[in-house]
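S.K.: So you can see what is in the structure, the chains are spelled out below.
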Amino acid sequence: MDWLDTQRDNFQVLSNFSERLIDGLVTTVQLTVLGGAVAFLVAVVLGLMAGSPSLWLRGPARVLIEFFRGISLLVLLFWLVYVLPIFIIRYDIPIPGPQDHTFAVGVAALGINYGAYAAEAVRASLTTVPKGQWEATTALSMSWQHRMRRIIFPQAWALMIPSLANLWIHLLKGSAIVYILPRVNDLTFELNNLRRPTDIWFSHALVGLITYFLLALVLLFVMQALEARAKYRLGRGPGLREVFSLRLRPVSPDGAGGSAMGEDETVEPKAGARAGGEER
Amino acid sequence: MSTLSTAAVLAQEVDEPTIIDDSGPIFDWGFAVDILPDMLMAFLQVTLVVTLVGTLIAAVLGLVIAILIMVLPGPLAWIVRWAANFIRMTPIVVQLIFLFWTFLWMDPMTIGIIVFGVHYATYMSEVYRAGIESVPKGQWEATTALSMSAMRTWRRVVIPQALRSTVPSLGNYAISMFKDTPFLFVISVAEMVTVAQTIGAQTFRYNEPITIAGLIFLAASYPTAVLINRLEKRLAYAH
Amino acid sequence: MPTPTEPASAPAPDTEETSGAPVIEFVDVEKRFGDNVVLKNLNFTVERGERVTLVGPSGSGKTTILRLVMTLEELTGGYIYIDGEPLTHREKDGRRVPVSKKEQKRLRTRIGMVFQQFNLFPNMTVLENIIEAPVHVLGRPKKEAVAKAHDLLGQVGLSDKADAHPTSLSGGQQQRVAIARALAMDPEILLLDEVTSALDPEVVGEVLNILRTVAETTNVTMLIVTHEMGFARDVSHKVMMFDGGHVVESGPPEKIFTDPDHERTKSFLSAVLGDN
Chain U
2 MDWLDTQRDN FQVLSNFSER LIDGLVTTVQ LTVLGGAVAF LVAVVLGLMA GSPSLWLRGP
62 ARVLIEFFRG ISLLVLLFWL VYVLPIFIIR YDIPIPGPQD HTFAVGVAAL GINYGAYAAE
122 AVRASLTTVP KGQWEATTAL SMSWQHRMRR IIFPQAWALM IPSLANLWIH LLKGSAIVYI
182 LPRVNDLTFE LNNLRRPTDI WFSHALVGLI TYFLLALVLL FVMQALEARA KYRLGRGPGL
242 REVFSLRLRP VSPDGAGGSA MGEDETVEPK AGARAGGEER
Chain R
17 MSTLSTAAVL AQEVDEPTII DDSGPIFDWG FAVDILPDML MAFLQVTLVV TLVGTLIAAV
77 LGLVIAILIM VLPGPLAWIV RWAANFIRMT PIVVQLIFLF WTFLWMDPMT IGIIVFGVHY
137 ATYMSEVYRA GIESVPKGQW EATTALSMSA MRTWRRVVIP QALRSTVPSL GNYAISMFKD
197 TPFLFVISVA EMVTVAQTIG AQTFRYNEPI TIAGLIFLAA SYPTAVLINR LEKRLAYAH
Chain S
130 MPTPTEPASA PAPDTEETSG APVIEFVDVE KRFGDNVVLK NLNFTVERGE RVTLVGPSGS
190 GKTTILRLVM TLEELTGGYI YIDGEPLTHR EKDGRRVPVS KKEQKRLRTR IGMVFQQFNL
250 FPNMTVLENI IEAPVHVLGR PKKEAVAKAH DLLGQVGLSD KADAHPTSLS GGQQQRVAIA
310 RALAMDPEIL LLDEVTSALD PEVVGEVLNI LRTVAETTNV TMLIVTHEMG FARDVSHKVM
370 MFDGGHVVES GPPEKIFTDP DHERTKSFLS AVLGDN
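Protein chains in written order, with the numbering used here: chain U, 2 to 281; chain R, 17 to 255; chain S, 130 to 405.
Quick caveat, the hints were computed from the structure, so don't treat them as lab data.
Any given hint could be a false lead.
[As the list claims (entries may be wrong)] Dumping the calculated DSBU-like pairs for lysine-lysine here, alpha-carbon to alpha-carbon at most 30 Å:
| # | chain 1 | residue 1 | chain 2 | residue 2 |
| --- | --- | --- | --- | --- |
| 1 | U | 132 | S | 384 |
| 2 | S | 395 | U | 132 |
| 3 | S | 277 | U | 132 |
| 4 | U | 132 | S | 234 |
| 5 | S | 230 | S | 290 |
| 6 | U | 132 | S | 169 |
| 7 | S | 169 | S | 271 |
| 8 | U | 132 | S | 271 |
| 9 | S | 271 | S | 290 |
| 10 | S | 384 | S | 395 |
| 11 | R | 249 | U | 132 |
| 12 | U | 132 | S | 231 |
[Unchecked claim] To list a few chain S residues with every Cβ distance to chain U over 12 Å, as calculated:
| # | residue |
| --- | --- |
| 13 | 169 |
| 14 | 173 |
| 15 | 245 |
| 16 | 256 |
| 17 | 257 |
| 18 | 261 |
| 19 | 283 |
| 20 | 295 |
| 21 | 297 |
| 22 | 310 |
| 23 | 313 |
| 24 | 346 |
| 25 | 347 |
| 26 | 393 |
We put the CB at the ideal spot given by N, CA and C, even for glycine.
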């Protein structure tokens, strides 16, 4: 029973490695959550700017969004690790050297890159809030901050969640590349360590891919719960029942949120427009 | 870069970044011109080839997956669907490393093409599914009324109508794939960003190669995205 | 009901409800969308407490007038004065100079609007919809705003719906909430933009009755766009007939509805009133 023996050995190694693997998993979760938080911040700021009628806000936002979407994640990562230090030293910029804070570099790169994609989702979902809602806020003399915070954003929020969920899962998947940086010992890094004493399929397929898959499912359920809550608040949809159904929403790389946007009946006409970037 | 070999030793990690060169211009135009040919070669020979062949595989395989999920009996369709979900929701980086070590005898670039092709096929299958579902029910009923075979119905009626609306989305996925190709770094395929990093490591000048890599990505992906966006709008109006 | 008796050519009737001071004044107003001129050289005044109904075929620019007063559309030419103060632009050395955002907002808080599509906020309950602006825009104490909201809900017959979500209400109920929401701001000017056009015929009456009561019990100036000619006749002091961006004629409803001077008005009225 050679095969069985090998498997027993594999699991033996796995149990020896479990502590490191869990550390790696924690690092991956940290990258995903912190990167997601940065991305959300970037997305809201750039998305609101890009949706503004003022060219002075819209112009720079468009440039930044297209720039950070256009260059690849790895280019951004390399730029932060290799090129930014040159500028820091040359011009005495008072920020800590990226080479000493590789984890922060990973979070920043993930946050900026996926935040730029999410900004497009934020902008697009703001435009799907019916015009009458904007007009009602004008008729009630609400200030810009007031209407955004209390009226427009809460409604756009329900529409943008599916897109944000997609992008968050993309960010989780993208976080795997950050292992190439020194001292970022995430799940992928530890899987490479586990690979050496075990079968490759065991480490990478059985342990690695399945763990990532389960993590992605967790993100998806969190976001579906958020979406159900947001819709419930808008008086659409029943609330929690949907959350617990094991229905997978198509995760599309364009953050377009697939089906979830158009299928609900809406209070106002024309709320079904697609939220999402033109790409990814 | 002739010094680069695609026969990798192990899944790549980068060296501790070291800053040595603190003199001279921050961006050396002469150096940039020197390295540009190598980087463009890597771009044409690897990045573009992987993107184009990968897109081709993804476009065909995606359609196959979409149709299988629709025509296969329940349990089998369920398996195909979840297999696709699994591939779609796990990192390309881990998939690359996994296949690289499983098929050591295979050319890493081929592995890259397969991984990108299959990974993006799972995305494109969703696009096709939406496209197929958008074909009006009356079209299916009409083929039944005309006693058309299932094969003929798909080939002559459903797929041609479904494909039309999918073109922009497929284009966007091609751009996404293009921007993911630097992940090939982890299996030491000498695509453009890998070459940029190698040049940096050898010369201790990182600004020029990495900036050039970023600009080439921008220059290639942005116009394409604008073009596809326009196509999308045109198609939307045509409907 | 007011019974103005002046002839059509005279300015707005001077009953005990109107004070004679213009509260809305249009001076040489022009509105164009691109090359499409919707309103041109439009001059009219509305006096305090006056209720004016704008009638005319669709596309004649009636709704645009309300939207200009509410600053929902950009004024492309001329001036609008609210209580003598410029709403969007002031004249300075013969040039149009935009007024400050602050000035505009100060004037705008005195204007309320009820929309054809209600435009209630779906992320808030009925009560929250009503108190949102009084509390956060006018800075009124929440307690006071809530009390007033309940009072208004009572007036529109929806006391039991304070905690309901707008989406759970019928169209007629939503519009009644929207009226309460507009009144909660204590507007001096109330703009009613085809408020019954999106409603089922059987609930039109209840909404109009509420507005009749508002007209009878308050002194709010109203600018009304409606296709309900009976309502227009009952509540307005003045009816203005629009066509092609011009005022064809204006006068008290009795005059306009029974003995219009212009052929255009006659044909329009006979079309909307049927074989009247």
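S.K.: All hints are to be evaluated individually against the structure, with a verdict given for each.
M.R.: Evaluated hints:
no.: 1; hint: U:132 with S:384; verdict: 38 Å, violated
no.: 2; hint: S:395 with U:132; verdict: 36 Å, violated
no.: 3; hint: S:277 with U:132; verdict: 28 Å, holds
no.: 4; hint: U:132 with S:234; verdict: 20 Å, holds
no.: 5; hint: S:230 with S:290; verdict: 36 Å, violated
no.: 6; hint: U:132 with S:169; verdict: 26 Å, holds
no.: 7; hint: S:169 with S:271; verdict: 44 Å, violated
no.: 8; hint: U:132 with S:271; verdict: 28 Å, holds
no.: 9; hint: S:271 with S:290; verdict: 19 Å, holds
no.: 10; hint: S:384 with S:395; verdict: 11 Å, holds
no.: 11; hint: R:249 with U:132; verdict: 21 Å, holds
no.: 12; hint: U:132 with S:231; verdict: 23 Å, holds
no.: 13; hint: 169; verdict: 24 Å, holds
no.: 14; hint: 173; verdict: 22 Å, holds
no.: 15; hint: 245; verdict: 9 Å, violated
no.: 16; hint: 256; verdict: 14 Å, holds
no.: 17; hint: 257; verdict: 9 Å, violated
no.: 18; hint: 261; verdict: 7 Å, violated
no.: 19; hint: 283; verdict: 21 Å, holds
no.: 20; hint: 295; verdict: 7 Å, violated
no.: 21; hint: 297; verdict: 6 Å, violated
no.: 22; hint: 310; verdict: 8 Å, violated
no.: 23; hint: 313; verdict: 9 Å, violated
no.: 24; hint: 346; verdict: 22 Å, holds
no.: 25; hint: 347; verdict: 18 Å, holds
no.: 26; hint: 393; verdict: 31 Å, holds
Of the numbered hints given earlier, the model fails hints 1, 2, 5, 7, 15, 17, 18, 20, 21, 22 and 23; all others are met.
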